[in-house]
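S.K.: Chains as they are written, first to last, in our numbering: chain E, 83 to 440; chain Y, 83 to 440; chain F, 83 to 440; chain R, 83 to 440.
Be aware that one or more of the hints could be misleading.
Just so you know, same-sequence chains aren't split out, so a pair can sit in one copy or run between any two.
[Said to hold, decoys possible] Keeping only pairs whose Cα atoms sit at most 27 angstroms apart, straight-line, the calculated BS3-like set for lysine-lysine is: (1) K269 with K90; (2) K297 with K168; (3) K268 with K157; (4) K146 with K335; (5) K229 with K181; (6) K168 with K157; (7) K268 with K335; (8) K297 with K282; (9) K268 with K131.
No wet-lab data here; the hints were simulated from the structure.
Just so we're clear, the structure is a prediction, and the values are computed from it rather than from any experiment.
Protein chains: 4
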Amino acid sequence: MAGNSFGKIFKLTTFGESHGIAVGGVIDGCPPEIFVDEEFIAQEINRRKPGNYKNSTARKEDDKVEFISGLFEGKTTGAPIAFIIKNTDHKSSDYDELKDVFRPSHADYTYLEKYGIRDYRGGGRASARETVSRVVAGAIAKLILRKYGIDIFAYTSQLGNIEISDNIKDINPSAIENDILFCPDKKASVLMQQLLDKLKQEGDSTGCVINCVVKCCPAGLGEPVFDKLQADLAKAMLSIPAAKGFEYGEGFKSSSMKGSEHNDIFKSENNKIILESNHSGGIQGGISNGEDIYFKIAFKPISSINKMQKTVDINGNNIEISIKGRHDVCVVPRVIPVVEAMTALVILDHLLLNITIK
Amino acid sequence: MAGNSFGKIFKLTTFGESHGIAVGGVIDGCPPEIFVDEEFIAQEINRRKPGNYKNSTARKEDDKVEFISGLFEGKTTGAPIAFIIKNTDHKSSDYDELKDVFRPSHADYTYLEKYGIRDYRGGGRASARETVSRVVAGAIAKLILRKYGIDIFAYTSQLGNIEISDNIKDINPSAIENDILFCPDKKASVLMQQLLDKLKQEGDSTGCVINCVVKCCPAGLGEPVFDKLQADLAKAMLSIPAAKGFEYGEGFKSSSMKGSEHNDIFKSENNKIILESNHSGGIQGGISNGEDIYFKIAFKPISSINKMQKTVDINGNNIEISIKGRHDVCVVPRVIPVVEAMTALVILDHLLLNITIK
Amino acid sequence: MAGNSFGKIFKLTTFGESHGIAVGGVIDGCPPEIFVDEEFIAQEINRRKPGNYKNSTARKEDDKVEFISGLFEGKTTGAPIAFIIKNTDHKSSDYDELKDVFRPSHADYTYLEKYGIRDYRGGGRASARETVSRVVAGAIAKLILRKYGIDIFAYTSQLGNIEISDNIKDINPSAIENDILFCPDKKASVLMQQLLDKLKQEGDSTGCVINCVVKCCPAGLGEPVFDKLQADLAKAMLSIPAAKGFEYGEGFKSSSMKGSEHNDIFKSENNKIILESNHSGGIQGGISNGEDIYFKIAFKPISSINKMQKTVDINGNNIEISIKGRHDVCVVPRVIPVVEAMTALVILDHLLLNITIK
Amino acid sequence: MAGNSFGKIFKLTTFGESHGIAVGGVIDGCPPEIFVDEEFIAQEINRRKPGNYKNSTARKEDDKVEFISGLFEGKTTGAPIAFIIKNTDHKSSDYDELKDVFRPSHADYTYLEKYGIRDYRGGGRASARETVSRVVAGAIAKLILRKYGIDIFAYTSQLGNIEISDNIKDINPSAIENDILFCPDKKASVLMQQLLDKLKQEGDSTGCVINCVVKCCPAGLGEPVFDKLQADLAKAMLSIPAAKGFEYGEGFKSSSMKGSEHNDIFKSENNKIILESNHSGGIQGGISNGEDIYFKIAFKPISSINKMQKTVDINGNNIEISIKGRHDVCVVPRVIPVVEAMTALVILDHLLLNITIK
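Next up, chain E with everything else stripped away, as it sits in the complex (with noise of 0.2 angstroms):
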């Protein structure tokens, strides 16, 4: 109810604020003996580390899951898999200057409106760094999905301004994979690094368009009515924070398209039904159909800059701050396994429990 926990059957619920002793999660609902492969999730985590990118936030954090539960013999066992991340690199002294301010665009704001309390240390709860435990649980739900050949990968498709023209069947993953902001387009991965380097220098930041394909996921995913997977997936990424938009298939596109344009045709080849094209994004009636699934997510400006801003304290005063912790530019490169993992989260869950139906 509080909001905490994402899933029916393998449910992950996170805790930890980004200036405690560790951030963390349970996954309940693991089926038993799969391996961890603890290797894999360290290079997970370490896809999402800040300092990847060198205008990410110069904070080290050297993270190292440590499973507290439901492991046995490095397998899991049907009980509820316990980790930790430990946050070994926070100076709360920086933030103290901020304790009394609302900083523009943060949830410092919403946070004490709504409970009359809050812990204002690098933003408590609110901080990105929640999102490690989600990369946790995901690379376990990877993990699951790769034995039924489900594979999820996801790219930077603008940062700023600056588009790549994508055609989702033709992204390699490996070019993905191999540049430093996890865009496909190598022309457009060098402008975006120097728009990133420009705003450092100018202490400001920039918004993205983030892409995610699943291949191979096979048909009969999703609930009809509310549980519809397209449905899943847009809570899923709008519970990423910064994210400001979600359109799967042809999205926004498809509200000048006419109905000729848009319905995916099926053909009958070698006794197989299959589609001529995909505009629907993989999802009809809320099913998955056997095709690729492909959406995209819009993820705001970072709020936090070093230019001067004004704003109110708590006690209402009109005051000016410039936010000088360690911030990224971008979401981009950090949020790339993190829409992977809430990803994973969805496919897996809705996976499972198809199961119940069969």
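Assemble the complex: chain E is given as a structure, and chains Y, F and R must be docked to it using the hints.
M.R.: Then chains Y, F and R, alone, in the frame of chain E:
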């Protein structure tokens, strides 16, 4: 789990197929002692009625809601409110010829893949007819929200490639309500109507964009991590048939904005904290901040078109069909009260949920 | 949240008041392609019918279930199954004189305290009439369980101070079904009937104990910690009106036993692991072990009695009442199919849930 | 779904195995601004500590709770409260010889049947060690309930065949707290201690009955149909390891009572409605009526005994074992704070839930 319920505290479960005896719903968790204004509910259903606009489906649905339980002397008692709306004008025979056919971009194929069985008559459970139950529950939610001064209105902002230039501050709710397409821009509405006429003649359909605004929502609604207010709104909107995208605040536009442009600046005026702008769309850190909440939903073109289309039948034969049934050219105007209803369900549920923490 | 739903995967929501238009329910999560044997359902409802036994309430409920959704050509489709049972013989006027009265040991007072409003006609939502919806859903659950070879039967083991000496191994289900009080011991049944006659004349009522057995339940059902199989059974049983206690296996008797007496000893015979005794009642560590699951439920005497009783009215006046309505002397025999139905809901839900982990 | 969570609004998820790194839990939905009195929590844990009574398990658990998140300057913030209690004194080697053995009446067999894998060390997740996490959460719940004047206490009313003659009106909470077995009857306690000594020498164990009382619970808690207050209490109690039965009010005794004996009569005195008796146990129609809530729980004898027992190993060989580990003779006295904790969780959850309907 099977996805026919929505909400945590004010929980709606819908049931019923397009061509069965009735559609309906059960609301569990409605507060007691609410006067259920049946006239208002009838009006809301009426706004969704086919035939309101000449290009809407010719099917005559004289929708009358019958309350079966949960009311006593016109008021809610805290017991579950069950209601049905009979399906009076359902010509199942219209669908006999589609019995063995997978209509392009419909849920026919995915339902059969998922369940191994399907009610092919008029889309069965996948029909947009299901949404009338949402409108009934949404109307009751609106009645409760009114007591808190919260108002919700949706309007058409784009149809095909005809867009209005809107500014939420200037939208006049009565201008919306007086327009046959719920479009506040009279000129645009005329062009949209012409486009609908043209497409009707061509046997084609079109997509659209709907905007929605929540006025006077108190600060503090929304749960910080997974159940952020925008995440629940996104899920609600993407659960509406034909929805393809959701964005709130600046949405996808924020991807190319700088932090210095996008940040909303706090100001203290007359001992009240106000915001100089509302790029955030009334939500920060997943929690409402007291400003107007506004968002957009993209809808794809209606899949049923009168043009000849290639497809396959359930035996895997390549065939051609033209869908002769009665169907709309666009989800506008009928989707408007559905968008409002789903919004009301989300806002009310978070309002009730928030009460528990105080 | 408001407590009108039961189950996680196979989820029943009930609605309706004793003297409203109808009572009914919605089952969400029923597997598709189940043949719904309406004759069997009618039989199950019939077993609960008042008037089966002469001392049962004189109210004639010619209960006929009407399915509104979720079935297609006699089979489930995976869509929610809504059904209603009309209230044909409800003389609300019977209750006019009780309008302002708190009947002793009824829910009149607590409902008004909780909701500030109540439907006083016949107990409204608190009436045992609600349980007919459980019987319908339980009947469908039984039809599915039968496919897995699982059988459930309940019987009367005590009424007032008349007890049978039972041994679950020796109970013959047909002896139960042929007895008007569902009591497998003919002699005891005769004494029980005499007691009921006597109490009827006195205008009094009596409590009873019901036993229930689940035969051929596979090992592995139940979730270890909070959702232990016995915990969910206990909740199910205590949710039945008038239930006051639950015990499984040796129950309260185990409190005075030694470990060396109570422990069930494993034995290997013909390459199969069997148990030499079943003191545990078929569940260990919250999970079924393949043995018969057996348990007992205590029911208090019916609160409505024809004797003059002191009480207060809603204005706080001390008054005297004699409840003239039609009411039973004991929950036996009508509660028997309700106990079985709730058991079937629990077992089926855990069966479906268990499938997801394999 | 996997059963490691309890509660709807104040929701506890527990994790951890007996012989892993730690056990712990996450509380989601705790109201903000609650002062978490760590000394009180330590006392509560201490009441459950082995070694408090000489016949308790010799295992020394110097249980110290470490809060990982959700507290800021000693107060709750509304964020999830995660905590762990390290397993300091776990000799896994004790269990090596039980690795391939199914201990009689333990969860060894059923876990392996369910999951295909098990953590055999000390019962793993099935160990009563898990309940320490419930005590921590229950202590926080008690702190909140105190603000509402609600008090909960449990006591030993039967051990083997030694019973106290109790009357809840006369129980003195301090007499309970001062007794080593939490038994308010000094004479009975001495006999119970003698019985425990005798059984210890014999290598045997015994069952017991625990009573629990909720004082000053406001009227209106509980949801009428499936989530009746007694139903949720029954589930909570039967989720405690070794619990075999639950009854409230007159319980099984009510089965042989008449309505005229059992009914609680309302009386108006000084403008207040009071009850002349409390046979109902403080709950009517599933909702608390403001009287004391009282109930009993039956516990079976501890399954681990030092006597030689026949059993089978995982390869199906008939063998003999004597369980040498450190184990208690009875769940008394250690189960007392667990019963109170589970009661506190149920009452608090219903209290918070009830707030939403007002």
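S.K.: Now look at each hint and say whether the structure bears it out.
M.R.: Structure-based check of all given hints:
1. In this homomeric assembly, K269 and K90 never come within 27 angstroms of each other (Cα to Cα): the closest approach is 42 angstroms inside a single copy and 47 angstroms across copies.
2. Proximity of K297 and K168 under a CA criterion of 27 angstroms is satisfied in neither setting, with 34 angstroms inside one chain copy and 42 angstroms between copies.
3. Taking the shortest Cα distances, K268 and K157 never come within 27 angstroms of each other, neither inside one copy (40 angstroms) nor across copies (50 angstroms).
4. In this assembly of identical chains, K146 and K335 lie within 27 angstroms of each other by CA distance neither inside one copy nor across copies; the values are 42 angstroms within and 36 angstroms between.
5. With identical chains, the CA atoms of K229 and K181 are never at most 27 angstroms apart, being 48 angstroms at best within one copy and 30 angstroms at best between copies.
6. Taking the shortest Cα distances, K168 and K157 sit within 27 angstroms of each other both inside one copy (23 angstroms) and across copies (21 angstroms).
7. Taking the shortest Cα distances, K268 and K335 sit within 27 angstroms of each other both inside one copy (26 angstroms) and across copies (24 angstroms).
8. With identical chains, the CA atoms of K297 and K282 are never at most 27 angstroms apart, being 36 angstroms at best within one copy and 37 angstroms at best between copies.
9. Taking the closest pair of Cα atoms, K268 and K131 come within 27 angstroms of each other only inside a single copy of the chain (22 angstroms); across copies the shortest separation is 52 angstroms, beyond that limit.
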